[in-house]
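A.B. asks: For reference, the chains in residue letters:
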Amino acid sequence: MSRDRNDSKSDPVLARALGPAGPEVSCEQCFELLDRYVELEIARAEADTALPGMRAHLEGCPACAEDHDSLLAMMRE
Amino acid sequence: MAPTLVLTRPESSTLLERLRADGAEREAAVAELHELLLKAARFELRRRQATVPHLRGDDYDDLAHQAADDALVAVLGKLDDFRGESRFTTWAYKFALFEAGVKVRRRAWQGREVPLEEEAWSRLATAAEDSGQAEAKQVIEALPEAIATALSERQREVLVAVALNDVPIDVLAERLQTTRGALYKSLHDARRKLRAALAAQGLSVSELEGEVNR
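Chains as they are written, first to last, in this note's numbering: chain A, 1 to 77; chain B, 1 to 214.
Worth double-checking, as some hints may not be accurate.
[Unchecked claim] Here are the in silico distance ranges between beta carbons for each label pair:
#, chain 1, residue 1, chain 2, residue 2, range
1, B, D58, A, P23, 20 to 26 angstroms
2, B, E113, A, P52, 34 to 40 angstroms
3, B, R112, A, Q29, 27 to 33 angstroms
[As the list claims (entries may be wrong)] Covered by chain A, per the in silico footprint, the following chain B stretches (three or more residues, Cβ under 8 angstroms):
#, segment
4, 38–49
5, 59–65
6, 135–149
[To be verified] According to the in silico footprint, chain B covers these stretches of chain A (three or more CB under 8 angstroms from chain B):
#, segment
7, 21–33
8, 49–56
Think of the hints as simulated: they come from the structure by calculation, not from any bench. Backbone N, C-alpha and C fix where the C-beta goes; we use that ideal spot for every residue, glycine too.
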């Protein structure tokens with residue numbers, strides 16, 4: 001299971017201004033991989049190992065993070 | 001919740017096969033797909049309801065149908081891209097959630113001006129005052145100067161609006177007539193430059209991140 005987002009910085013202003021430290025996928029790649037990533041999360045598989053750069057992008061991009069949270073919530077219903 | 005990923009999904013593959021068929025069979029499959037997308041769009045609108053309190057019932061339904069219609073076009077146009085790495089419904093839902101999310105963010109900001117840069121500087125000053133960590137406070141205080149000197153005009157515009165003033169990236173993309181991906185690239189580049197500018201001042205952000213991780 002992925003760790004909670006934004007757990008790497010204590011200050012939310014710094015987190016938003018400076019974004020994730022590591023490599024990340026683009027918005028287009030995030031959308032491409034989102035369904036697979038969410039299913040791996042639901043299956044408690046290693047989503048972040050299988051799809052590196054997704055978690056960092058979801059930390060840095062609020063819109064993609066909302067899309068992710070919605071898909072995860074919908075598939076868990 | 002099922003702990004394992006099921007890789008064989010006959011109900012999904014059946015819908016996919018029927019979408020690839022011809023005639024009445026395909027028409028029925030398209031209608032079925034539209035219902036699924038409408039369900040996802042309504043789900044997203046319910047989640048974002050608080051951000052658009054001025055919308056009435058009919059407005060919601062119109063927005064849900066617009067999102068489902070746009071998602072249907074996108075899904076049908078990309079059917080050949082589906083490689084079965086997830087369930088077909090999961091893959092299709094993401095298009096409807098995306099369309100509904102973009103539409104509701106834009107509707108929530110309809111008629112609102114993008115905040116001025118001054119609001120961001122004021123927010124940073126407040127954040128610096130409120131910060132309980134001396135190192136974080138120092139970095140926040142250094143941000144305005146780094147933003148002013150290290151970034152291009154476009155990078156500054158995007159970073160200030162999206163990262164500091166909480167303007168949804170899809171709203172800014174619409175107003176600047178570009179895409180979420182293009183704006184995020186600017187934001188990403190701006191953040192890298194900011195980190196480098198802070199490091200050049202001896203302010204190590206990575207040490208700060210390491211500190212709070214312990």
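A.B. asks: Does each hint hold? Answer for all of them.
C.D. replies: Structure-based check of each hint:
Checked against the hint of 20 to 26 angstroms, the C-beta distance between B/D58 and A/P23 comes to roughly 45 angstroms, which is inconsistent with it. Between B/E113 and A/P52 the beta carbons are some 39 angstroms apart, a value that agrees with the proposed interval 34 to 40 angstroms. Between B/R112 and A/Q29, the C-beta spacing of about 30 angstroms keeps the proposed range 27 to 33 angstroms intact. Counting residues of the segment 38–49 of chain B whose beta carbon lies closer than 8 angstroms to any beta carbon of chain A gives 4, which meets the minimum of three for the stated coverage.
Check on the segment 59–65 of chain B: 0 of its residues sit with their Cβ under 8 angstroms from a Cβ of chain A, so the three-residue criterion for coverage is violated. For the segment 135–149 of chain B, the stated coverage by chain A holds: 4 residues have a C-beta nearer than 8 angstroms to a C-beta of that chain, and at least 3 were required. Only when three residues or more bring their CB closer than 8 angstroms to a CB of chain B does the claim for the segment 21–33 of chain A stand; here the count is 6, and the claim holds. Only residues whose beta carbon comes within less than 8 angstroms of a beta carbon in chain B count, and the segment 49–56 of chain A has 0; fewer than three means the coverage is violated.
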